[in-house]
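**Q** In short: position in the sequence shown from 1, add 121, done, that's my numbering.
Please note that the accuracy of each hint is not assured.
Label pairs and their in silico Cβ distance ranges [said to hold, decoys possible]: (1) ILE164 with SER188: 33 to 41 angstroms; (2) GLU178 with GLY216: 32 to 40 angstroms; (3) MET133 with GLU170: 48 to 56 angstroms; (4) LYS146 with GLN171: 33 to 41 angstroms; (5) PHE128 with SER167: 41 to 49 angstroms; (6) SER188 with LYS149: 35 to 43 angstroms; (7) ASN196 with LEU157: 31 to 39 angstroms; (8) GLY129 with LYS149: 24 to 32 angstroms; (9) LEU126 with LYS146: 25 to 33 angstroms; (10) GLU153 with GLY131: 31 to 39 angstroms; (11) ALA127 with ASN152: 34 to 42 angstroms; (12) LEU154 with GLY131: 28 to 36 angstroms.
Source of the hints: derived by calculation from the structure; they are not laboratory data.
Note that CB positions come from ideal geometry on N, CA and C, so glycine has one too.
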Amino acid sequence: MEIILAFGLGIMLVSTIVLVYVVLKSNKKVNELSHLEREIQEIYRSMNEQNGNIYRELDKINGKIDSRVDKLYDNISRELEETNRKVEFLRKSLGKDYF
122 MEIILAFGLG
132 IMLVSTIVLV
142 YVVLKSNKKV
152 NELSHLEREI
162 QEIYRSMNEQ
172 NGNIYRELDK
182 INGKIDSRVD
192 KLYDNISREL
202 EETNRKVEFL
212 RKSLGKDYF
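Using the sequences and the hints, build the whole thing.
**A** The structure is reproduced here in structure tokens:
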């Protein structure tokens, strides 16, 4: 009877030690996963911040391009008007025979 009791207690002791080992290993894995999750969240946060910076820079560049296109259009319009005035002046000066 004592041998059976000792055997049962031995099995319980071994089972308890194995259970503690499994729990500690699981806890370590959970901690590693938590650390990885925080790193992934930080990476996503950084990516979102960089995307925001990129879009702000693109908006600035688009604004500069629009401004330069508008200036170029204004300059071309003025030059065209000036050329048309000169052509009209030449028409009036030389008469209709040359045009």
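**Q** Would you say the C-beta atoms of LEU126 and LYS146 sit inside 25 to 33 angstroms of each other?
**A** holds, 30 angstroms
**Q** Could one say that the CB atoms of GLY129 and LYS149 fall in the range 24 to 32 angstroms?
**A** At 31 angstroms between Cβs, range holds.
**Q** Given the hint of 35 to 43 angstroms, is the C-beta distance from SER188 to LYS149 inside that range or not?
**A** Given a distance of about 59 angstroms, which is not inside 35 to 43 angstroms, the answer is violated.
**Q** Starting from the range 48 to 56 angstroms, see whether the pair MET133 and GLU170 falls in it by beta-carbon distance.
**A** The hinted range 48 to 56 angstroms holds for MET133 and GLU170, with Cβ atoms some 55 angstroms apart.
**Q** Just to be sure I understand the hint, the distance between the Cβ atoms of ALA127 and ASN152 should be within 34 to 42 angstroms; is that true here?
**A** holds, 37 angstroms
**Q** Return holds or violated for the Cβ distance of ILE164 and SER188 against the range 33 to 41 angstroms.
**A** Distance hint for ILE164, SER188 holds at roughly 36 angstroms.
**Q** Is it true that LYS146 and GLN171 lie within 33 to 41 angstroms of each other by Cβ?
**A** Holds, at about 37 angstroms.
**Q** Looking only at beta-carbon atoms, does the pair ASN196, LEU157 fall within the given range of 31 to 39 angstroms?
**A** The hint (31 to 39 angstroms, Cβ to Cβ) is violated, given that ASN196 and LEU157 are roughly 58 angstroms apart.
**Q** Taking the Cβ atom of LEU154 and the Cβ atom of GLY131, is their distance within the range 28 to 36 angstroms?
**A** holds, 35 angstroms
**Q** Can you let me know if the beta-carbon spacing of GLU178 and GLY216 is within 32 to 40 angstroms?
**A** violated, 58 angstroms
**Q** Could you say whether the range 31 to 39 angstroms given as a hint is met by the Cβ separation of GLU153 and GLY131?
**A** Between GLU153 and GLY131, where Cβ atoms are some 33 angstroms apart, the hint holds.
**Q** Could you say whether the range 41 to 49 angstroms given as a hint is met by the Cβ separation of PHE128 and SER167?
**A** Since PHE128 and SER167 have Cβ atoms about 59 angstroms apart, the given range 41 to 49 angstroms is violated.
Comparing the model with each earlier hint shows violations of hints 2, 5, 6 and 7; every other hint is respected.
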